[in-house]
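Student: So you can see what is in the structure, the chains are spelled out below.
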Amino acid sequence: MERLTFSGRRKVFGIWGHLAFLVWAVVLAILAPGARVFVVLGLVVAFSVLFCKGGLRPLRRWGFWFLVASALALSPFFIGDKDVSLFGLGLSYQGFWVGLWMALRGVSIMLAMNAFSSAVSIAEVARLFEWAGLKGLGFAIGVAFNMLPTIRETIDTLYQAIKLRGGFRRKRLTTLRTLAIAVVVNSLRHGDEVVSAAQARAFDPKRHGAELPPPTWADLALGIALLSGVWILTS
Amino acid sequence: MRFTVRDLVYIAIFGAIWGALETTLGSYLHLIFPPVVTPLIGVGTIMTGLGMVVALVGRLFVPKRGSVVMIGLVTAILKALSIGGVRLSPMLAIIIESLLAELGLLVSREPSRWGFALAGSLALLWTFFHKFFGSYVFLGKGIYEVYLGLLNAGARALGIEIGYAFAIIAVLLLVRIVAGGMAGWVAWELGRAVQVRLAR
Numbered sequence: 001m002e003r004l005t006f007s008g009r010r011k012v013f014g015i016w017g018h019l020a021f022l023v024w025a026v027v028l029a030i031l032a033p034g035a036r037v038f039v040v041l042g043l044v045v046a047f048s049v050l051f052c053k054g055g056l057r058p059l060r061r062w063g064f065w066f067l068v069a070s071a072l073a074l075s076p077f078f079i080g081d082k083d084v085s086l087f088g089l090g091l092s093y094q095g096f097w098v099g100l101w102m103a104l105r106g107v108s109i110m111l112a113m114n115a116f117s118s119a120v121s122i123a124e125v126a127r128l129f130e131w132a133g134l135k136g137l138g139f140a141i142g143v144a145f146n147m148l149p150t151i152r153e154t155i156d157t158l159y160q161a162i163k164l165r166g167g168f169r170r171k172r173l174t175t176l177r178t179l180a181i182a183v184v185v186n187s188l189r190h191g192d193e194v195v196s197a198a199q200a201r202a203f204d205p206k207r208h209g210a211e212l213p214p215p216t217w218a219d220l221a222l223g224i225a226l227l228s229g230v231w232i233l234t235s
Numbered sequence: 001m002r003f004t005v006r007d008l009v010y011i012a013i014f015g016a017i018w019g020a021l022e023t024t025l026g027s028y029l030h031l032i033f034p035p036v037v038t039p040l041i042g043v044g045t046i047m048t049g050l051g052m053v054v055a056l057v058g059r060l061f062v063p064k065r066g067s068v069v070m071i072g073l074v075t076a077i078l079k080a081l082s083i084g085g086v087r088l089s090p091m092l093a094i095i096i097e098s099l100l101a102e103l104g105l106l107v108s109r110e111p112s113r114w115g116f117a118l119a120g121s122l123a124l125l126w127t128f129f130h131k132f133f134g135s136y137v138f139l140g141k142g143i144y145e146v147y148l149g150l151l152n153a154g155a156r157a158l159g160i161e162i163g164y165a166f167a168i169i170a171v172l173l174l175v176r177i178v179a180g181g182m183a184g185w186v187a188w189e190l191g192r193a194v195q196v197r198l199a200r
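Protein chains in written order, with this note's numbering: chain A, 1 to 235; chain B, 1 to 200.
These aren't lab readings, by the way, just hints derived from the structure by calculation. Hints may contain errors.
[What the hints assert, rightly or not] Negatives, chain A to chain B, calculated, CB over 10 Å:
#1 Val23
#2 Ile30
#3 Arg36
#4 Phe38
#5 Val84
#6 Ser117
#7 Ala144
#8 Thr175
[To be verified] Straight-line alpha carbon distances no greater than 25 Å define the calculated DSS-like cross-link-like pairs of lysine-lysine that follow:
#9 A/Lys11 with A/Lys53
#10 B/Lys64 with A/Lys135
#11 A/Lys82 with B/Lys64
Positions of the beta carbon are idealized from the N, C-alpha and C atoms, including for glycine.
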């Protein structure tokens, strides 16, 4: 059965392929000398466009461009000897190029990380952590996600109840302490009900955790291509 | 790390409480105090302090090695599911802070007020280094030359010795150590109070 994304496009790589590409992109962005980081950036953009829906979303954030622009704009002033004069300002030719490589490296790493997070679901990430030894994390995330609305409602209800009784007019720290204790106590009592329900069903997170799928043929082919890329770009 | 069903549910609860604080109070504070406006002590420091209180209270109820890391992981993943979407920097910060808190608890061996204070201090110290760590990973070591250049230029513009800049940095680190220690202390007291209430 083909794996489909929400857009209807076929999902080519599994979690192992996407993880391999992320590690490759980050390592190469750091190691690739000088202008070769252009190649890394080009490959990251191409991969994001072809295989990761929403992979180029960081390009729309102003914070992302602020970081890049600051590296590019400030480096000629502070790195290397000032050998160029522009509008009366002493700038460094070496600093400009170092700033450019820094900016391209930052863009490559940011886009690679975003491509990974947009292609891989939270459930798969939880399964990855469980595979790494954190058994029960998927179960804990599921319980936390389901309890989040209840906890928010508990905080809101208790806050309103204390406020209506004049709780925050004087001795605010004491009132805050009372609120915190009440929230934790209520949440833990609710949690005990969840524990009872799980134990009544003989639930065991060690046995019930979903397995991580093995690497697909596409993942293996990508891995081989990426290893070749490491050798080509760093030689 | 072996956790029972009860341990995992409690981890989930404390992760959900921290996550609820991050997604509500954290988002509200970020709107009022954007990160660019408060680069030295900002919303991240406050939210980490609150998060450490929650996570360390959780440690009292799941007194096993790795429970604080698990609480941090649950929080980080819940944060990814929030309205802001997947933002790797704060997620990574939460995980690293949890790891440092766990390290502090490992050093102190037995659960104690001072162990919690050490854990809180280590976690809050990271809020200072996180931006520099992120800059190094994304931009490389060249960015440190830029930072030093900015520091020198700023000192020259203000007419003060560069040593004062390092003194300011030392003060910022001290503030974080004290705030983290207080967070750990509060967590110990709060956790004990909750245990007394539940025992009734």
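Student: Does each hint hold? Answer for all of them.
Tutor: Against the structure, the hints:
{"no.": "1", "hint": "Val23", "result": "holds, 13 Å"}
{"no.": "2", "hint": "Ile30", "result": "violated, 7 Å"}
{"no.": "3", "hint": "Arg36", "result": "holds, 14 Å"}
{"no.": "4", "hint": "Phe38", "result": "holds, 15 Å"}
{"no.": "5", "hint": "Val84", "result": "holds, 16 Å"}
{"no.": "6", "hint": "Ser117", "result": "violated, 4 Å"}
{"no.": "7", "hint": "Ala144", "result": "violated, 4 Å"}
{"no.": "8", "hint": "Thr175", "result": "holds, 14 Å"}
{"no.": "9", "hint": "A/Lys11 with A/Lys53", "result": "holds, 10 Å"}
{"no.": "10", "hint": "B/Lys64 with A/Lys135", "result": "holds, 14 Å"}
{"no.": "11", "hint": "A/Lys82 with B/Lys64", "result": "violated, 57 Å"}
The structure fails to meet hints 2, 6, 7, 11 from the earlier list, while all remaining hints are met.
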